[in-house]
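J.: Spelled out, the chains give:
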Amino acid sequence: MLFNSLDFAIFFPIVFLLYWLVFNKSLGAQNIFILMVSYLFYGWWDWRFLLLIAFSSCIDFLVSKRMDASTNERSRKHFLWLSLGVNLGLLGVFKYFNFFSESFAQAFTLFGQQLDPFTLKIILPVGISFYTFQTLSYTIDVYRRRLKPTDDILIFLAFVSFFPQLVAGPIERAKDLLPQFYQKREFSYTASVDGLRQILMGLFKKVVIADNCAPIVNQIFDNYTDYSGGVLILGAIFFAFQIYGDFSGYSDIAIGAGRMLGFQLTQNFAYPYFSRDIAEFWRRWHISLSSWFKDYVYIPLGGSKGGKWMNIRNVFIIFLVSGFWHGANWTFIFWGGLNALLFLPLLLSNRNRKNTDVVSGDRMLPSFREAFQIALTFTLVSITWIFFRADDLSSAIGYLQRILTTSFFESSLLDVVKPVNLLFIPLIFLLVVLEWVGKNDQHALETLGLTWPRIGRWGVYTVLSLSLVIFSSNEQEFIYFQF
Amino acid sequence: MLKLIRNCLLFVLVVFVTDKAFILVKNTAPEMVQDKRLNDLFEGKINKDLIILGSSRGQADIATWMLEDSLGMSAFNLSFGGSDIEWHLFVLKCLLEKAGPPKVIIKVLDDSFELTNAKVNGFRVDLLYPLVKYSEALEQLIERGEKNRLLSKLLITHQLSKNAYDMRTPPALNDTVLFYGAFPAPAHAQIKEKDKKIDNQIIIYDSSTELPQKKRAFQQFQDVLRENNIKVFYVIPPSYKPLNHKFTERMRAVVIPGSPLFAYDDKDPNYSCDAFFHDPVHMNRTGAEYFTKDLIRFMKKSLTTEE
Chain A
1 MLFNSLDFAI FFPIVFLLYW LVFNKSLGAQ NIFILMVSYL FYGWWDWRFL
51 LLIAFSSCID FLVSKRMDAS TNERSRKHFL WLSLGVNLGL LGVFKYFNFF
101 SESFAQAFTL FGQQLDPFTL KIILPVGISF YTFQTLSYTI DVYRRRLKPT
151 DDILIFLAFV SFFPQLVAGP IERAKDLLPQ FYQKREFSYT ASVDGLRQIL
201 MGLFKKVVIA DNCAPIVNQI FDNYTDYSGG VLILGAIFFA FQIYGDFSGY
251 SDIAIGAGRM LGFQLTQNFA YPYFSRDIAE FWRRWHISLS SWFKDYVYIP
301 LGGSKGGKWM NIRNVFIIFL VSGFWHGANW TFIFWGGLNA LLFLPLLLSN
351 RNRKNTDVVS GDRMLPSFRE AFQIALTFTL VSITWIFFRA DDLSSAIGYL
401 QRILTTSFFE SSLLDVVKPV NLLFIPLIFL LVVLEWVGKN DQHALETLGL
451 TWPRIGRWGV YTVLSLSLVI FSSNEQEFIY FQF
Chain B
484 MLKLIRNCLL FVLVVFVTDK AFILVKNTAP EMVQDKRLND LFEGKINKDL
534 IILGSSRGQA DIATWMLEDS LGMSAFNLSF GGSDIEWHLF VLKCLLEKAG
584 PPKVIIKVLD DSFELTNAKV NGFRVDLLYP LVKYSEALEQ LIERGEKNRL
634 LSKLLITHQL SKNAYDMRTP PALNDTVLFY GAFPAPAHAQ IKEKDKKIDN
684 QIIIYDSSTE LPQKKRAFQQ FQDVLRENNI KVFYVIPPSY KPLNHKFTER
734 MRAVVIPGSP LFAYDDKDPN YSCDAFFHDP VHMNRTGAEY FTKDLIRFMK
784 KSLTTEE
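Those protein sequences? They're chains A and B, same order as listed.
So in this note's numbering, spot 266 of the first sequence is number 266, and the numbers just go up one at a time.
So in this note's numbering, spot 31 of the second sequence is number 514, and the numbers just go up one at a time.
If you're looking for bench data, these hints aren't it; they were derived computationally from the structure.
In the DSS-like style, the derived pairs of lysine-lysine whose C-alpha atoms are separated by at most 25 Å in a straight line are:
#, chain 1, residue 1, chain 2, residue 2
1, A, K418, B, K509
2, B, K750, B, K776
3, A, K184, B, K486
4, A, K418, B, K616
5, B, K729, B, K697
6, B, K519, A, K418
7, B, K729, B, K698
8, B, K602, A, K418
9, B, K486, A, K25
Just chain A, same shape as in the assembly (with noise of 0.2 Å):
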C-alpha cells in the first residue's frame, strides 16, 4: 500500500480511529492491533512478503533469547552470525544475486571467455533493505550486551513490522522504538495535529515536487544525448530534487503517522540541501542510515582511532558499502566512492565537523558565505546524483561530458517537455522558503504559522491541499521502494 494511494488514504483514518477508540483498553489490544494493521499494509503488495518478514523476525526473536541466555563467548558468537546469516542471506539472495552473477559471468569476458550468467526471476520484497538492517541493530545490541532481548514476541514482531516506517525508513534502532511498544500510548491532540501537519509536507513533497520532477528527469537522461548543456544541468537540478522530495516526503509521512499513533520515530532528513560541506549534508541525509553505517561498520572497524589511514579506509568502506546498500549497480557503488572522494578533503584537513550547527541559526537569510557554501555544496550533491539516477556508469560518465561539452543554450527545457508541465516549479520555491524557514525544526511546518490566526495558517494548508490534487498524477512508487 502506497502512503501517496487512495487505498492508504481510506486505511490510515480507520486504523487511527480504531486504534484510540476501540483499542486504546490496553498496551496488549494496541500492540496487536498494531501488529494487524502492519502486516494488513505490508501485505497489500504481496502476501507472500508476509512469509519472509515473519520468518526473519521469528529467527532474530529466538536467536536474541538464546544469545541471551549463553554464557559461552563462543556459542554467543555463532548465534549473531546465524542471524547475519540469515539476514544477509535472505538480502543477497533477493537483491544481490543476480547482480554478482551478471558482474560475474562480465568479467570472464574480460578473458576472452563467455558465460551465460544464472538469474534468478524473483521480485524484491519492499522493504526488505530496510527492515533486515532494523532487525540486525537489534541482534548485533543484544551481542554487544547494550540491549536485553524482549520476551513478548507479538512486540518484537510489531516491532519489526511497524507499518509507518516498515518499506522504507527511517530506521529504528530496537532501543529506540522497542520501549515505545512497552508505554500505553495516550492521545494527545497536539501529537497528532503535528503528525497531520507533517503528513502533508511529505505528501506535498512527494506528490507535488518528485513526482512532477520524474517525467522531466525521466525523459533528460534517457535521452541525455538529445539535449545541450544547460538542459542536462537543469535535469541534474529536476533529480535532486525528485530524489529529496521521494525519500524525505515518505519519512515525514512515516515519521507523521507513527506520532498520530503515539510513536515517536527517529528524524530522518534535516534539511540536507541547506548544509555547507559534504560531511554536514551526510549527518543531515538519510540520518537513520548513515548513523547505522556509523554504528554497525564504521566504529567496529576502528572509526578514527587508528589514525589517518585507517580513519579514510573506513570512511571509504562505508560510502561504497552505503551505496550498495543503496542498489545491486556499479552505479550506486561510484556514486558511494565519489561521495567518500568529495568528503576526503575536509577529513584530512580536519573540517568535517565543522559545520555541526544549524546554518545561519534564527537569521532569515544566510550569509554571502553560507549561501556559497550552501550552492557548492548542493552542486557538488547534484553531480554525485546523476551517477546514482543514470543506468550504467558509461551513460552517467556521457552525460557530464555532454555538460562541459555542449552548447549550453542549443535546447531548452520546452524541447523536453510542455509548459504546463513546468507550472509546478513555483512549488519547488514554496518547498524551499518553507523549508528554510522552518529548519531548526523537526518538520517544516513544525512551528510555521502556530502563532498566526487560524486563516492565515489553514490557508497555507489548504493551498498545499489543494496543490496535492492538482499535481497529482497516477500513484507512483517511492525511488526508495527499490532498495
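Since the structure of chain A is already known, use the hints to place chain B on it.
T.: Structure of chain B alone, referenced to chain A:
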C-alpha cells in the same frame, strides 16, 4: 479526540469550498483550447453527411473542402493527430449520440500502425483534460483510470488537474483548423532532404504484432457502422515510402466484406514527388488536393454503382 475530528472535518469543508472556486477554470478551459472540434462534437454541433476519421494523416491528407464540393455532401474532418482506432471509436460513438449518424464515413487507415502498437498513436486523453466540463470527456478519463470516480464527484480540482491549465495548443505541422475541420499543411511546406531516406524495414507487416484491444476496437467500430447503416470508405493515403502491400492486404481481410477500400496508386509517379509531401508520412496541401481528386473519383464510382 472529538476536537481533532471536528477540526479535521472543518478543514475538509474549507478545502471543499475553496475547491468549488475552480468551477471558473473548469468552465473557461474549453474556451481556451485552440482546436474546438471536440467542444463542438460534445455539444452536438457537428451534424454533417460525411465525416472523416483518422490520425494526423486523416487531418492532413484529405482535402475535406473538395469532398464537399464534388460529392454534394456536407463534410467534416474529425481526424486527430496521434490518435488510434480506440479514439476513433470514441469519437464515432459521441457523434452518434450527440448528432445522429452521418451518411458516409471515411476511415483513414494508418499505414502499419492501425492495429499494432505504436508510440506515435494512442488514445488522446490529453485532448480531454481541458474538456472535463463535458460529461463525455470526464467519463472517458475515469474509465481509462486517469481520474478517480469518487474524487471527481467531490473535487473539481481533481477533475481538472494541472493539464487543464495548458491553454496552448502545441504548434502542429499544419495550419489552423479550417471551417471543415481539416488541417492542411501549407502547399510550400516540402519534405526535407534528411527525411527522404526510405526505410525499407517499414514495409514489412507482421499481423502477429497486432494488439487484441485494437483489433477489438476495430471490430466494434465496424459493428457500430453496420448497426447505424453508415456507408464506410477505408482509405490508405500516400506516404513518401513505397506502399505497404502487405498492410493493404491485411486491411482488406479485416474490413466489412464488400466495403470499399481505396489505396493510392503507387504506380502514379506523382505520389513519389517531393512537391507533394510535407514529411515522409504527411502530404502538403497540393498533395492532399491531388490525392483527394483520386479519392473522389473512387467514391463517386462506388456510390453510383450502389445507386
